[in-house]
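*Asks:* Position chain B relative to chain A; hints supplied.
Sequences listed follow chains A and B, in order.
Residue numbering for the first sequence follows the numbering used here, starting at 25 and increasing by one per position.
Residue numbering for the second sequence follows the numbering used here, starting at 25 and increasing by one per position.
Note that these hints are calculated values from the structure, not bench results.
Careful: at least some of the hints might be erroneous.
You can't tell identical chains apart in this list, so a pair holds if it fits in one copy or across any two.
Claimed, not checked - Result set (DSSO-like, lysine-lysine): computed pairs, CA atoms no more than 27 Å apart in a straight line: (1) K48 x K59; (2) K107 x K48; (3) K48 x K78; (4) K41 x K59.
None of the values given here were measured: they were computed from a predicted structure.
There are 2 protein chains.
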Amino acid sequence: MRYFPDSLMRLLTELQKLPGVGPKTAQRLAFHLLKEPAEDARRLGAAIGTIHEKLTNCSICGSITELHDDPCRICEHPQRDHKVICVVEDADDVSIFERTGTYTGMYHVLGGLLSALNHVRPEDLRIPELVNRLGDGEVTEVIFALSPSVEGSATVTYMLQHLTPHDIRVTQIAYGVPIGSDLDYVDDVTLSQALEARNEVT
Amino acid sequence: MRYFPDSLMRLLTELQKLPGVGPKTAQRLAFHLLKEPAEDARRLGAAIGTIHEKLTNCSICGSITELHDDPCRICEHPQRDHKVICVVEDADDVSIFERTGTYTGMYHVLGGLLSALNHVRPEDLRIPELVNRLGDGEVTEVIFALSPSVEGSATVTYMLQHLTPHDIRVTQIAYGVPIGSDLDYVDDVTLSQALEARNEVT
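For reference, chain A alone in the conformation it holds in the complex:
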């Protein structure tokens, strides 16, 4: 027995391809769209359908930018510190650091982390592009801001050999107990890591 007309079935199928959207959520979203004015559905449909035509990856750092705005606003910003590059896994990580409002340097999107399990090899990452940016000697520091996972560590270790020939400082963000958290709920690995990476109290 078919429960839905064809057009609705097609919409449900497409919606279910989104991450975290199962049959129930898809149905809720579809009926919501049907209840709201047609203009809303048209606007959402257009925003989704044209997103690939309007956006691209910045040719320098790899973050998301408007097609007519490449290199991106961060790479082109005259007030930002062009001497520091923060290396992140994905384009959406850029927004996480931008949100803090405290980082004023450049970014470099790797496009993934080395992973034997997921078949991600060095040539799949934007490593040559990073090395290229170090060529003119303007950059003085590269900060790794990758996830504290096996893949993250492997990626940093692998990339070090490409960075050491250049006369730059290579750092990574501090891993430890999150600010505002309760020690009772912090996992053992994080605690051990935080103990090991302890600092002088000044």
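*Replies:* Structure of chain B alone, referenced to chain A:
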């Protein structure tokens, strides 16, 4: 500080109008769409954008149907029982009953429940359309399948006065302990209701 290019911001704004989609989910969906092939985004965008042009409410029962398929397949089905009408709140409730595969009668979508709080008055519901369907004397039973809430009961009570002049049986689905549930976890109101509506064991 702006974190995203304009086109991406527009997409995030539109996505956040969907029920249950906050800033984080919107961002996850948007970056998923950007990572997947452009064809996927175009297909989803088209399915969403054209949904109002392709679907309509059945002119008889009010459920969702293709524009070129009105009255809907259920209302037009020769094998279904045209003498019984199941009254539901919304168009998506039809699919819930169709999924069971045991109901073979007709439906009538009210389009809401009476509610002083949400300013839903009798004239906002498809009550005259239901009374109209009873006119030719073919229908012998009307089953109310509304949510067991204050609004649901109020709607049934109000509608009874419109149905009693017709010589039909008026019933409502059984409310009680769900099949397969553990009595420990059933709330008190449901238990009291189940006790009161007890049946003879035959």
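*Asks:* None of the hints should be skipped; say for each whether it holds.
*Replies:* Hint-by-hint comparison with the structure:
In this assembly of identical chains, K48 and K59 lie within 27 Å of each other by CA distance both inside one copy and across copies; the values are 17 Å within and 24 Å between. Proximity of K107 and K48 under a CA criterion of 27 Å is satisfied in neither setting, with 49 Å inside one chain copy and 31 Å between copies. In this assembly of identical chains, K48 and K78 lie within 27 Å of each other by CA distance solely across copies; the values are 22 Å between and 31 Å within a copy. For the identical chains of this complex, K41 and K59 are neighbours both inside a copy (22 Å) and across copies (13 Å), given an alpha-carbon limit of 27 Å.
The structure does not agree with numbered hint 2 stated previously, though it agrees with all others.
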